[in-house]
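From just these sequences and the hints, can you work out the full model?
Spelled out, the chains give:
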Amino acid sequence: MDKKILSMIKEIVGEEYVTNNPEIVKGYIYDETALPVRPRAANNILLVKPANTYEISEVLKLANKEKIPVFPRGGGTGLVGAAIPTVDGIVLSLERLDKIEIDKDNLMAIAEAGVTLRKLLEEAEKAGLFFPAHPGDESAQIGGLVACNAGGSRAVKTGVMRNYIRGLEVVLPTGEVLSLGGKLIKDNAGYDLAQLFIGSEGTLGIITRAIIRLYPKSKFMATLVIPYNNREEAFKTVPKILQSGIIPLAIEYVERKLVEKTANSLGMKWPASEGEYFLMIIVSEQSENSLYEVLERLADICTSNGSLEPLIADTRREQDSILKIRSEIYTFLKPESIDILDVTVPPANVLDLIKRIEKIANEYGIEIPVYGHVADGNLHPHILRIDGWSMEKYKEIIGKIYSEAIRLGGTITGEHGIGAIRKEYLLKFKSAKEIELMKELKKLFDPNNILNPDKVIP
Amino acid sequence: MNFNIIVPIKYVPDIEKVRFDTETGRIDRSSAEGEINPFDLNALEAAVRIKEKYGGFVTVISMGPPPAEKALRDALARGADKAILLSDIKFAGADTLATSYAISCAIRKLGSYDLVICGEKTVDGDTGQVGAEIAEFLGVPHSYYVSEIRDISKKNIKVVSDFGDAYYLVELELPALISVTKDINSPRLPTFKDKMKARRAEITVWKADVLADVCDIDKFGFKGSPTTVSKVIIPKEHVKECCFIKEEEAVDKIVEVLKEIGVV
Chain P
785 MDKKILSMIK
795 EIVGEEYVTN
805 NPEIVKGYIY
815 DETALPVRPR
825 AANNILLVKP
835 ANTYEISEVL
845 KLANKEKIPV
855 FPRGGGTGLV
865 GAAIPTVDGI
875 VLSLERLDKI
885 EIDKDNLMAI
895 AEAGVTLRKL
905 LEEAEKAGLF
915 FPAHPGDESA
925 QIGGLVACNA
935 GGSRAVKTGV
945 MRNYIRGLEV
955 VLPTGEVLSL
965 GGKLIKDNAG
975 YDLAQLFIGS
985 EGTLGIITRA
995 IIRLYPKSKF
1005 MATLVIPYNN
1015 REEAFKTVPK
1025 ILQSGIIPLA
1035 IEYVERKLVE
1045 KTANSLGMKW
1055 PASEGEYFLM
1065 IIVSEQSENS
1075 LYEVLERLAD
1085 ICTSNGSLEP
1095 LIADTRREQD
1105 SILKIRSEIY
1115 TFLKPESIDI
1125 LDVTVPPANV
1135 LDLIKRIEKI
1145 ANEYGIEIPV
1155 YGHVADGNLH
1165 PHILRIDGWS
1175 MEKYKEIIGK
1185 IYSEAIRLGG
1195 TITGEHGIGA
1205 IRKEYLLKFK
1215 SAKEIELMKE
1225 LKKLFDPNNI
1235 LNPDKVIP
Chain Z
10 MNFNIIVPIK
20 YVPDIEKVRF
30 DTETGRIDRS
40 SAEGEINPFD
50 LNALEAAVRI
60 KEKYGGFVTV
70 ISMGPPPAEK
80 ALRDALARGA
90 DKAILLSDIK
100 FAGADTLATS
110 YAISCAIRKL
120 GSYDLVICGE
130 KTVDGDTGQV
140 GAEIAEFLGV
150 PHSYYVSEIR
160 DISKKNIKVV
170 SDFGDAYYLV
180 ELELPALISV
190 TKDINSPRLP
200 TFKDKMKARR
210 AEITVWKADV
220 LADVCDIDKF
230 GFKGSPTTVS
240 KVIIPKEHVK
250 ECCFIKEEEA
260 VDKIVEVLKE
270 IGVV
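From first to last, the protein sequence lines are chains P and Z.
So in this note's numbering, spot 359 of the first sequence is number 1143, and the numbers just go up one at a time.
So in this note's numbering, spot 65 of the second sequence is number 74, and the numbers just go up one at a time.
Calculated from the structure, these hints are not laboratory results.
Take these hints with a grain of salt, some might be off.
Claimed, not checked - Think about it this way: if two alpha-carbon atoms lie no more than 27 Å apart in a straight line, the pair counts; the simulated BS3-like pairs of lysine-lysine are:
| no. | chain 1 | residue 1 | chain 2 | residue 2 |
| --- | --- | --- | --- | --- |
| 1 | P | K1053 | Z | K60 |
| 2 | Z | K255 | P | K794 |
| 3 | Z | K249 | P | K903 |
| 4 | P | K849 | P | K788 |
Now the structure itself:
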């Protein structure tokens, strides 16, 4: 990078917050994307850590003028390479923007982009409030979670990131700062631009602060582990639960073989000794009596739809360990995985999708482990490494799974996003007009294509 | 070959969540849910496994205020057959000696037994003394840090004790007391059905006077406690700082910081 520009950036954020030392930079150029599909990061990266919106604005003004690509970076927990700087430029780490304030009366958190999910959960809890979503790794940062519209397991009752965001502060590639929305439950003044930035994966603007809706702390929470010998019965139970008026925080689906191996790898034990297929249902209520009333109805629905005896975890420790096993399936499978898919279909079609994935697996004589957020219709099939297979062959299978998801009225990604690795499929499965509008939008917000170039837009 | 097994359990605050009042050093019990001391879950699981294999009866005993009943119900859901709560103002303020005395009295009151199984320690007190003291009061042999039960008959029990630097194979005559480590088993989750049954079950509550015929009730609680906590110090939270230092400045900067904090 030009020495003059470098010194201008140092002037803006302070010399100690700018480095191109490869030893430090290397910790900021990759995310959690599976290695075989992960794009290569560029070699000449300048790591910049601004302290506030003003500094970000100044850096962007300069980058825009000099047409230097800027890659915003949060916790680096993404799975589609959206945070990887694929061309030379600036990696803009938001980690120093880590202030958070809880507005107890309005039930909202005002969090800067670098606040981690863990910190948001802790601060909300301290105020007697609750952030119900749990979009994966707790080291993820708010800016990234919003930019990627993260989902996770606790989305059944109150939704994904998009459903929580009431306001955003965003720095445009031109350096202009937008303050969108507010601590508002209703806001109908014109186009809702904040929604455009949610899920834009850092391509339209840099999210510096978010106003996040919180909920009253659920004083009583329990997790049911419901074993089934028959997979269809497990899937058929899910709509029956939702129709009954019970909306749990999460309904997850896991299979014994996978969940047991994951638990063993963690030195833990999957708690159920019976059953091959499991629903894992998290319920929260405001009183102990209402919690058990709901659980009793839930258990009745499950057992009358073919489940074996449901197990209950009602201590935090035991609930955490079950959730931990479920959350670590991804990490357990990752070393063997070529790619981790994120297909989503209308919830009632999940069983169909899983059967079609199984058919594809049989066709190729391989195993495709599947688990996911069953009430959201969101499954994560893992494409595992097979000795001697080419990338083309894996892509053929991925393409087939995507086609089946689309045929069932679904989408190629429910929560991971497009990033760098799904662009070709976006092109295949979205209409030409939609792609054209996306390109136009990108041009409108980022005429010089400096913000996270090479991502999302095919 | 039925075994009559007793498992003392403690109702403790969730130690990872509980907050301390840094001024008084006291636990703010309203800041976290209570639960069975996690080590006691291993003790209960060991007892229930013996019962399932050979037949028997598992009694859980806890000493504490009325909310401790919650821990006992949880134990019933996990396979205990009977639950006794020692709850009385006379038990309050007990140190490990007065606690183990009261529990040993309750065990005497119950009559005959084959085995007492404790968790190795509690997560709030962390002393690990109560089990051994109960055994001394009862006059039965005990073995600590049991990570495996090799064999059990009506006459004796063979256990592996993990003392960190060595494993001891110990044989004890019954009745005896063992305290188990977390390695001995993975406690099961209760079925929802058993949980609901336990929620409706009766918990026997014994006041101090109930034990009057088997012990000296003046040795309960604060009166019977030779030790007191004089001060609790809460470790201060430290904020760690991180900054970039240029290679050529690194050594000087590190020396400067080490001097600042008095290391060199």
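Hint compliance check: list the failing hint numbers for this structure, sorted ascending. none
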